[in-house]
Structures are given as structure tokens and as C-alpha cells.
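Undergrad: The chain contents come next:
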Amino acid sequence: MLIDLQNVVKEYTIGSEVIHALRGINMKIEKNEYMAIMGPSGSGKSTLMNIVGCLDTPTSGSYRLNAKDVGRMDDDRLAEIRNKEIGFVFQNFNLLPRASALHNVELPLIYNGTPPAERRAKAEKALVRVGLKDRMTHRPNELSGGQRQRVAVARALVNNPSIILADEPTGNLDTRTGDEIMELFESLHDQGNTIILVTHEEYIAEHSDRIVRLRDGRVERDEAT
Amino acid sequence: MAAFSRTELSEGLRIALAALKANRMRTILTTLGIFIGVIVVTVIISVIQGLNHYVSSEFSNLGANTMYVSKFPWIIRSWEEFLKYQGRKDITEKHFRMLARNASLAEAVAPDLSANRTIKYRTESLNNVTVTGTTEAYLSCSNVSPETGRFFTDAEVDLNRAVCVIGWEVKDKLFKGDDPIDRRVKIGSLPFTVVGVMEKRGNMFGQSMDATAYIPYTVFQKIYGSRRSMDIQIKAADAGQADALIDQVTGIMRQARGLTPGKPDDFSINQQSQIMDVYNQMTRTLWIVLIGIGSISLLVGGIGIMNIMMVSVTERTREIGIRKAIGAKKRIILWQFLMESIVISGLGVTIGILISLGIALLIRAVSPIPVYISTYVLFLGVGFTLTIGLFFGIYPASKAARLDPIVALRYE
Chain X
37 MLIDLQNVVK EYTIGSEVIH ALRGINMKIE KNEYMAIMGP SGSGKSTLMN
87 IVGCLDTPTS GSYRLNAKDV GRMDDDRLAE IRNKEIGFVF QNFNLLPRAS
137 ALHNVELPLI YNGTPPAERR AKAEKALVRV GLKDRMTHRP NELSGGQRQR
187 VAVARALVNN PSIILADEPT GNLDTRTGDE IMELFESLHD QGNTIILVTH
237 EEYIAEHSDR IVRLRDGRVE RDEAT
Chain L
9 MAAFSRTELS EGLRIALAAL KANRMRTILT TLGIFIGVIV VTVIISVIQG
59 LNHYVSSEFS NLGANTMYVS KFPWIIRSWE EFLKYQGRKD ITEKHFRMLA
109 RNASLAEAVA PDLSANRTIK YRTESLNNVT VTGTTEAYLS CSNVSPETGR
159 FFTDAEVDLN RAVCVIGWEV KDKLFKGDDP IDRRVKIGSL PFTVVGVMEK
209 RGNMFGQSMD ATAYIPYTVF QKIYGSRRSM DIQIKAADAG QADALIDQVT
259 GIMRQARGLT PGKPDDFSIN QQSQIMDVYN QMTRTLWIVL IGIGSISLLV
309 GGIGIMNIMM VSVTERTREI GIRKAIGAKK RIILWQFLME SIVISGLGVT
359 IGILISLGIA LLIRAVSPIP VYISTYVLFL GVGFTLTIGL FFGIYPASKA
409 ARLDPIVALR YE
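Chains X and L, in that order, give the protein sequences.
One gets the numbering used here by counting positions in the first sequence from 1 and adding 36 to each.
One gets the numbering used here by counting positions in the second sequence from 1 and adding 8 to each.
No wet-lab data here; the hints were simulated from the structure.
Computed, partial: chain L to chain X, Cβ under 8 Å:
| no. | residue |
| --- | --- |
| 1 | Glu327 |
| 2 | Gly335 |
| 3 | Ala336 |
Predicted model, so just to flag it, every value in this text is computed and none were measured.
Even glycine gets a Cβ: it sits at the ideal position worked out from N, Cα and C.
Work the whole structure out from these sequences, hints included.
TA: What follows is the structure, encoded as C-alpha cells:
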């Protein structure tokens, strides 16, 4: 079992008002699954993604990732888990604008103390894998949207994480480029990676093998496609 | 806090430098406050040190172990005080003789009378020469000796011989390389035989100590009258006994001047250390002002750094979010921003020290003050850099380190 969420509740207090973002989520994800989390805005999918991505911790309930209880960890331990276990792909790419593609991909390796030579080799390999062999020294503003997202995917891959967590990865791309990125995810899945997509677009979710639909902080449906 | 890895350290420095390079103008403006502060501090420290050096070398002419019994004290603070001293009885040959006879703790006692006269040799003449009437004990009291020839003897003093010892500058200007010994010069209108040339003594407070002629004080009194107040130079036999000597001299003088107990002294015993005290008092004030100005400008500079760091943190909120999402721990973000503020203040301090060095060299070139920047100023610079960088950088940096990655990633 890669991911095991049990009765996960997340509440925020804004002023005197308590917002129940997640009202008890139970979910298990196996290794090499390709799943999508869907739901309208306000359904809690962002909150769930933040918890699964170890950016946030649940108010109550348990979250075990690779048999580790990550629901009770402090910020620095969570940073370590994110570095090691999770590769993020964001809607708006979230690359460092002043750094080259290569340096952007090296970043996770810098934070786990990989020596420079090894770091470079791994980053180059990841960029080759996403088809950016001859764009390594370019900065994000010298790349197209699709290329930027490929850099982000390479960055997510470089550390061999347990999960690739993609939040609306095609949201800022035209349909054709979006499809290319989805093909990339598919091939990564074929190579044995676990992929979790967060999206509100049906045709994107269709690429996955399993769709979990959220509504009002609860799992509404959980079914294979 | 766990130790940083080398990768983390070098990455922090790299990011800091890249960020500063990307905002070149802003970086320069921010360093401005710091380097002005550094210039103020280092230049003033250097000038004061140079001044101290200058003053103490000037005072070395006065002799550390010699005291001067005079009608007037060296330091007079008001016109009223001056009038009071003016009313004192003169110090005369009688007092000199009593001190010479009875001051057992003194190594030497010399009278010191002086006047300015023109001195002539053949067709050459030199104006405004300080003519000093004294005895051979002067050599010991003022710690000088003749370069060529000899000083006049006590016998010559007693016999009112018209002999003189000329200063180095007098020899140079009047004799132009001729040997002055046994030549006759005219001091004022009277002829004197030169018996010696004094060694070079340099300047004191901008006045030449070499445009001088020394004659027996007995002759001095005969020519210029005995009705002027005399200074008496007294050198302690033992530097450790200087205070005891002052007591002894005071006792002898009070007796000689018929002062009954309870009456204040009507003479002054002057020492080099009194002037040094006044000087030190003045520079102490200067130090306080300096520390004030320096701290204020460094404070202002530091606030400038803090301000710009806050801007930098806000501007890069998203970047911080990305770094954290990818696995940067708090201390890495902290280090990254601290590094940036340390580099800014380091830049400011370095520029400041370089400019100060230039100013110090300039002052040295155009003034007699031997300004120099000592190495400890450089250490001070490194200290300032770290202190300002850390002190004013820690708040923005820890603010950055504490950012919630979710909030930071959403920041537009």
C-alpha cells in the first residue's frame, strides 16, 4: 500500500467561522496506479492534494505514505518527505524564472545534498526523458508553455519519487500541447510511476485508470474508468 | 540547528549573488547607507589616531619627566583666571637658586628665560630667533645635546660670558656650511661667541625649535633686564618619584615666597601630562560624537537593508513556495536570505573601507597629521558586516523561512 488515508478531516478557521474542507476521506492508492481526483471548486480537491502532497497535515485522521505516518510530522520532516517521495507538477509550471532548465531540474537534488557531478548527470537524464535534450541551458522565458511543463515534469521525476502529483497540468496549455503532456504522463505510468492527477476536466481525467470524485469534502464516487 | 552541507551553503550564496545581480541598482543604493557609515567611522578613527600620534610626538619635546615652575599655568580657561595669574609675583633667580640647592629629588634644575631677537652673522641675518637664557642643566631637563662644539659651562654663566649655542636652523641659514664654532654673531645688537650648535629638535605646534640661540641666563638678565618672570625646568631624578618631587618643589617655593599655611600657591607647576589630559578630554568628546554619528548611520544603513530584504522576500514569495514544495527546509531558506543581506552589507563595508583608505591617503598627503588605517579597522569592518547583515537580515529571512508553502505557491 503506497497511500492510505483514513477518515481524513481538514478544518480551517477563518475569523470565527470553521470551514470543513474535508469531512472524512478514506482512500487507498497502490503503487503504479494512475488515478485522477475530480470535483467542482470548493469540493476539497485542492485541500486533499495539499495533504497527499505533504504540503499540509490533516486536522484529524491518519495519512500513511509508504507505511510512514506523515500526518503528524513537523515542517522540516515534511519538506524531506516531499523532496524524496513526491514530484509536483503545477498548472502554472512554477519554475524558477532566473534559472536554466537544467538548474530547475537539479533543485530537488540540491536539497537532498547530491554531489554536483551526480546531480548534473541525473538532471540531464531527466530532461532527455521528457524530450528536452537541446533545451537544457534555456531559461523558462525562452521556452514554450509545453516545454516549460516538460521541465517541470523532469523536475518532478529527477528524484525518483513515489508519486507524481499533477495539479491541473494542462490547465495553462492549448489542447494539442496538453495532449502531448498527457502522453508523457502515460509513458511515465507505463514505466512504473504512480501518478495522481487533480483536474476538473473530464477528458483529462479519462486518461487515468481510476477517478475519485469529491463533493463537499467527501468522496462521492470512486471508480475505474 | 543541524549543520549545513556544502551544497546548501554554496547554493545559498549562488542564489544571493544572482538575486543581487538581478537588482543591481537597488543593491548599490542599499549599500550606500552602510558605506557612508563605514567611511564616517573609519576616517574619524584614523584621523583621531593620527592626531594622537602627532600630538604625542610633539609633546615628546617637552620631556615626560620634566616639570616647569612658572607664574602662569599652561591651561587658562578664562580671562578672569588670566588676570588672577597676572597678579602673581614674578618667579625670579632667587627661586631658581633655592630650588637648585634644595630640591634633592631633582636630577637637574634649569632657568628658562626667553625673548625673540634678530641674529646676524656678517651680512646674513635671521629674524625672530628665540633666545633662551639658561644654564647647562637645560640639556638634561630638555633631553637635548649639542651636535658640534659644546654647551656653555656654569663657570661661564657665573662670569657673565657672552657665549652662545645656536640652533640647527640658525647655523644652516647664517653659516651656509661654514664652521660656526668660535665665530662671532650679533644677537640683537650685542656680540656673542658661538661655542656649540644644538642638535636638530624639529617643530613643536608648528613652531621651529631650531631657530634658537641659548645664552647664559645671567647675560640674558643683564641685557634684557631681570624684571621678567622666569620659568624653571626641573627634571626628576627618578620617574617614579615625580609626585614626591612636586611636593618637594611646592614646599620649597611656598617657603621662598613666604606663603603661610592655608594660602593658595601663587605659582604653577606645569607638566606635559596636563596638556595631554586636556587633549584626551577633547578627543574623548570627539570619540563619543563619532560613536554617535557612526552608530546612527550604520543603523540607518541597516534599516535600509532590512527594508530591501522585506521587499525581496515579498517579491520572491512564489519562489520560496516552489523551493519549499520541492523540499527546501526552513534553515535553507533562512540561509539564502541571510546570505543576501550579509553580501549587501559586506559590499557596503568593503566599498566604505576602500574609499576611507583613499581619504586617509589624501589627508596624509595634504596635512601634517600622519593618518593611517590600522588593520584592526579591517577586522572591525568584517565585524560590522556580519553584525549588520545578521541583525537586520534575520527578521526578513525568518519571515521567509516560516512562509507556508501552500500560501506562498498561490501568491501572485
